[in-house]
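> Fit chain B to the supplied structure of chain A, relying on the hints for placement.
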Amino acid sequence: MAAPTPTTAWPTWPFLSRGRNRSGGVAEATAPSGWRLRGDRGTASPVREYLEVLGVIGAVTVVGWFVPLTYRAFGHIYLLAVIALSLRVGRGPVLVAALVSAVAWNFVFMPPRLSFSVLHFEDSLMLGTYLLVALIGGQLTARIRAQEREERSRERRATALFHLTRALTGARTLDEAVAAALDQADGLFEARTALLLAGDNGTFAPHEAGAFVLDENDRAVAQWAAYHQATAGRFTETFPQAAGLHLPLLRAGKVLGVFSLCLPEAAAELSPVQRDLIDGFAAQIALLVEREQLRGASEREKFFAESDRLHRTLLDSVSHELKTPLSVLRAAGEKLDTEDSDKRAGLAVEIRTATRRLDHLVGNLLNQTRLESGGLKPQLDWCDARDVVNAARRTTGEALANRVFKMEIPADMPLFMADAPLMEHALANLLLNACLHTPESAPITVAAGLENSDGRERVFVRVSDRGPGLPSALRDQLFQKFRRGNGARAGGLGLGLSIVRGFMLAQGGDVVAGDNPGGGACFTVYLPHQAHGSVPNDER
Amino acid sequence: MSADLTKPELLVIDDEVQIRRLLRLTLEDAGYLVREAETAKAGLEEVNRAAPDAVILDLGLPDLTGGEVLALLRQKTALPVLILSVFGQESSKIAALDAGADDYLTKPFSGGELLARLRALLRRIKPAVASNTFRFGSVEVDLARRRVTKEGRTVRLTTMEYALLQLFITHRDKALTHRQILCELWGPKAEGQTHYLRTYMMRLRRKIEDEIDAPKYFQTESGIGYRFVSEP
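Going line by line, the protein sequences match chains A and B.
For reference, each letter of the first sequence is one residue, going 1 to 540 in our numbering.
For reference, each letter of the second sequence is one residue, going 541 to 772 in our numbering.
So here's chain B without its partners, still in its complex pose:
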C-alpha cells in the first residue's frame, strides 16, 4: 500500500477463490491495487479498517445478501460498489441496486467489460463536471441555463425530459433501477408506472440519440432499468 499512492485501491468480496485470483490478475495488470475478502463480514471489516476506492461485491456470499451488505456499507460510506451476479439473481440484483450499489455485471463477464465499468465508476467520484457544461457525443448540456444542443442546434426538451436527462448526467455510468428513476421524477407513488418511464425514454432518445434503433447513450438494462453511458 505504501508503494503506489496514486494507484486506486479495490476491495474484492467473493467467496470463490478462483474468481478472486482471476480478478486480482486482471485488475493488477490494469494498474489497480487489490485487496480480498472471502465473506461479507470480513469485507465490511476491511472497509472499516481502511476504505478502498471501490468495492467489487459478489451477490452469492454465504453470510449476507447483497441488499444487506449494501445497507451496512451505505451507513458509513458512499464509495462505489460494483456487484457481480449470475443469471437468475434478477431480484437480488435489483435489491442491491436499490440499496445503493452503483453498477452490476453478470457472470460470466469479460475482463475488458469489467475494467470499463470500473473506469466509469471511478471517474464519477472525481467530479469531472467542473464547468457548467456537460458533453457527450455531439450533445452539449448547459446545466446552469438548462439548455441542450446537439450538433450546435438547440434541442427542445420538456421539463420532465430535461429532469430525466439531468438525473442520468448526475448518475452517469451507473445502472439506475426503474424504481429509482420513477421515484426521483414522479414521486414514490409512481413506483410501478414503468410505462411513464418507457414513454419518456422513447421521447428523450428520439431527441438525443443519433440512431433510435441502436441507442448508444441511454442503454436499457433488461428487467432492471437504464444506464447512461457518457463515453460509449
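Only chain A is shown next, with the shape it has when bound in the complex:
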C-alpha cells in the first residue's frame, strides 16, 4: 500500500468510535499547525535527528581520542561522518554536524589538544575547506534526498490513482464503481470513507457502499461543503470539530456529491501529500460520477427516442395490420347474410385467411412483448429435430401446403437441448418468411445436423429457399424489429426475424442469414450440442 511512511507515532490508526470526544478535535485544530509535510524528516522529528548528529560526532571524537593518528586524518574521518549523516538526516542537523565536527576537530585533535588552537595559515585553510566541503556535501545530499522523497510520494500518488482508475474502469455500474473507489480509499488513507450523491431535491444521500456512517453533524458539514463548494470539516478552518473531512465533488461548477473521509482520531494533521492524494481521489470520483450520470442520461435519451420511434412505427403498422383483416372480416360477415350459397364459400375462405393473419400478427406481437419484457424463461429440454420441424410445419399451415417441401435430417441426428415451443415458433417464422418472399413454385428445404465450429460441435437447423435471395444492403438490419424486406408483400410487421433471433439467443443459440449455394436465401439457427445421459437399453 502506498501510504506515506510516518516517522513518529502513527503506526496504527485505531478507528474512531462514534462517540468521539469533540474537545480533542477542537484543541488540535486550533493549534496553528497548518499543513505540514509529514514525510519531511527535518521538521517531523528534529530533536531526534539533532541528537543523532551530536551522538555520531561525539562517538567519532571519543573513539578518535584513543586512535594514534595525525590530527589531519581526523579531518577526513569527520568529513566522512558528516556525509554519512547527510544520507540520514535533514539539512539543519547536517549543518549542525558540520559546525560541531569542525569545532570538535579544532578543540580535541588539533595540537595543542583540548584547547582551541591558534591556527597557522595551513591549518585554517584546511579547516575552512573542510567546513565548506562538509556544508556543501551535506546540503547536496539532503537536497537529493528531498527530491527522492518527493519523487517517491509522487509515485505513490500515481500508483494510488492508477489503482483507483483500474478499479473504476472494471466497474460496470455506478454502484460497482463507487464501491470500488471507496474500498480503495479506505485502504489508501487508512480511513473510513463515504460518498454522498446529489439527489433530486438538493439533498445529498450517502451511498450504501460507504464505511463511514455520517452522523447529523457531519451530514450538516457535508451539506455545507456542497453548498459552498469548499472543503469543510476536520483539518480545515470550517467546522474543524467535525469527525470527517468533506470534499465537494465539482465538475463544471456543479456539485455532484460529497466525498467524506473519517481519518483515525490519532491522526493529528494531514500532510500536503496526503491532502493532494485526497484531492486527486475526489477529482477521480467526481469524474466517475459525472461519467455515469452522463451515460445514464444519454441512455435514457436514446431509450426515449427509440421508444418514441417504436411507438410510432408500432401504431402505424399495427393499426394498418389489424385493420386490414378486420375490415375483411366485417365485410365478409355482413355479406354472408345476403350472398347466395356459392359465393359464401369464397367469403369463408376470405374470413379464414383474415383470421390466420390476425392470429399470426397477435402471436408475433405477444412473442415480441415476451422477449422485451424479459419474461421469457426458456425451459430447455431434449428435443428431436424431426419433431420440432414438423411442429413448425404444422404452425406454418396452409402457406406451405402447395410447396415442394424437403426435409433433410440424417438418421443419426442427435437430440439437442432447446425449448420446443420457442424452436417451433422460430422455425415457423423462418418457414413463413420463406413462403412469403419466394414464388410459390420455389421449393423450401429444411436440413438439420451437427457441425464443427472452432473445435466445438453445434446443432444446426437450416431453412433454405430458391427465391431471389437476400439483398446485401438489407443484411445487417435483417434481425432488427420493424425491418421489412423491400420486396415484401403487403402484410407483416417486420417482427418475424427479430423474434427468431430473440428466441434463439434466449436458448443460448443464434441465427445467421446467408446465401443458399445455387441461389436463394438460407437462414440457419444454431444451438450448442451436448451429449445426453445414457438411456436404459433393452434392445434384444
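Simulated from the structure, these hints should not be mistaken for laboratory data.
Computed from a predicted structure; not experimentally measured.
Treat the hints loosely; a few may be bogus.
Below, simulated DSS-like cross-link-like pairs (lysine-lysine); rule was C-alpha separation at most 30 Å, straight line [stated by the list, open to error]: (1) Lys690(B) - Lys406(A); (2) Lys747(B) - Lys377(A); (3) Lys729(B) - Lys747(B); (4) Lys581(B) - Lys647(B); (5) Lys581(B) - Lys616(B); (6) Lys581(B) - Lys406(A); (7) Lys647(B) - Lys747(B); (8) Lys343(A) - Lys647(B); (9) Lys581(B) - Lys547(B); (10) Lys647(B) - Lys323(A); (11) Lys647(B) - Lys335(A); (12) Lys747(B) - Lys406(A); (13) Lys547(B) - Lys377(A).
Quick look at chain B alone, frame taken from chain A:
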C-alpha cells in the same frame, strides 16, 4: 334433455359468452347436446347435478385454475375433459393434463379440429377394443400375445418399446405429458429424463410409422408430450 337420449351431452365451462355461443352453435350442429357454465364452481355443480358425457373446460376461468378444477372433478368422476387454452399458458396446460385432463386445444382453433378431438375422446369411453387385437393403419397389435405386425410382417419390439406402444393404445387420442409417460414406463425417478422418451419414440416411430419424417400416429405436442392418433 328428454328429447334425445342417444345424443351425447357436453358441458362447456367458459367465462366468455361469445365462445360459449359459438361452441353451442358448432356442437349442436354436430349433434351434441350442450350445457353451459360461466365459472368453475358453477361447472362443478352442473357435473354434480347430472354428469355430462364430456366437459370442455377453459383454462382462463376467473375463480379456479385448470389444475384445481381437474383435481375436484377427478375426485368424483373419470369423464373426459378437453381443455381450451391460449398461447403462453403452457405450464397450466401441463398441470391440467397431469391432473387428468384428456386433451387440449389452443385458441384460436378450428371447429373441425374441435369436433375431431371430441369424437376421439368419446370413442375412447366406449371401449371399442372388444377383441384382443387393436388395428391402426396397416399395423395390428395382438394384445393377448403381445405381437405386433405391420403389413402382415412381424415387427420386433423390445419390452420397453412394446410397453410404450401399449400405453399409447390404452390412452389413444389423448395427450400424454412427458411426465405421465416417463412415470408409467420408467418410474417416478425418471420424471425429468426426457431423452429416454425421445430416444424410444424415435425407435418406435422407425418401426411403426410409414414415413419417419412425417409421423402420422405418434404425434408430438411441443413442450407437452405425445399423442397417439389411431385414426389420423
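> Take the hints in turn and mark each one as holding or not.
A quick look at each hint next to the structure:
Using a Cα cut-off of 30 Å, the hinted pair Lys690(B) and Lys406(A) holds, with the two alpha carbons roughly 26 Å apart. Taking the CA atoms of Lys747(B) and Lys377(A), the gap is about 36 Å. The hint is violated against a cut of 30 Å. For the proposed pair Lys729(B) and Lys747(B), the alpha carbon gap of about 27 Å is at most 30 Å, so the pair holds. Taken as a hint, the Lys581(B) and Lys647(B) pair is honoured in the structure, with Cα atoms around 23 Å apart against an allowance of 30 Å.
Distance check on the hinted pair: Lys581(B) and Lys616(B) sit about 14 Å apart at the alpha-carbon level, within 30 Å; holds. This hinted pair does not check out: Lys581(B) and Lys406(A) have alpha carbons roughly 50 Å apart, beyond 30 Å. With a C-alpha separation of about 34 Å, the suggested pair Lys647(B) and Lys747(B) falls outside the 30 Å cut-off, and the hint is violated. Between Lys343(A) and Lys647(B) the CA atoms are separated by roughly 28 Å; this keeps the pair inside 30 Å, and the hint holds.
Note on Lys581(B) and Lys547(B): the hinted pairing holds, with a Cα-Cα distance of about 25 Å set against a maximum of 30 Å. About 21 Å separates the Cα atoms of Lys647(B) and Lys323(A), which keeps this hinted pair within 30 Å; it holds. Restraint check for Lys647(B) and Lys335(A): satisfied, since their Cα atoms lie roughly 26 Å apart, inside the 30 Å limit. Distance restraint check for Lys747(B) and Lys406(A): the Cα-Cα separation of roughly 22 Å lies within the 30 Å cut-off, and the hinted pair is therefore satisfied.
Between the alpha carbons of Lys547(B) and Lys377(A) the distance comes to roughly 45 Å, so the proposed pair goes past 30 Å and is violated.
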